[in-house]
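Starting from the given sequences, assemble the full structure and let the hints guide the process.
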Amino acid sequence: MGSLIKSIQGAVMTGVGIAVVTSAISGVFFQYSYLPPALQAFARFWPMSAVNSIIINYLIGDIGYNPLTVLNLSLTIAISLLFFTAGIVLYTIYCWRAE
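Just so we're aligned, residue 14 is where the sequence shown starts under the working numbering, counting upward by one.
Quick caveat, the hints were computed from the structure, so don't treat them as lab data.
Some clues are possibly wrong.
To be verified - Listed next, with one range per pair, are the computed distances between beta-carbon atoms:
hint : residue 1 : residue 2 : range
1    : Leu72     : Ser36     : 12 to 22 Å
2    : Leu81     : Thr27     : 26 to 36 Å
3    : Thr105    : Gln22     : 33 to 43 Å
4    : Ala54     : Val33     : 37 to 47 Å
5    : Ala51     : Thr105    : 16 to 26 Å
In this text, a Cβ means the ideal position worked out from N, Cα and C, and glycines have one as well.
Here it is in structure tokens:
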């Protein structure tokens, strides 16, 4: 999304805005158990909160679900790679070749 915005400041602000909103609704700022059920489902598979849950699981223990299942780890890696690839493609199409 930030690659579609031509100014550097606009791209940075868009990226920060998306990161803050998704962090707030995915359990990075709050404990998993405090989230409503709909956001708990989102938090299980959003890469940032899934990795955060893995770290918390190792440091503290039980967090309400096991983030180390094969499905959760596979989805975390797949979604992360999908977002990374989409960002590279968007940057290549709209920014890199335009310069």
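Hints, verified against the model:
no., hint, in the structure
1, Leu72 x Ser36: 12 to 22 Å, "holds (19 Å)"
2, Leu81 x Thr27: 26 to 36 Å, "holds (33 Å)"
3, Thr105 x Gln22: 33 to 43 Å, "violated (21 Å)"
4, Ala54 x Val33: 37 to 47 Å, "violated (21 Å)"
5, Ala51 x Thr105: 16 to 26 Å, "violated (35 Å)"
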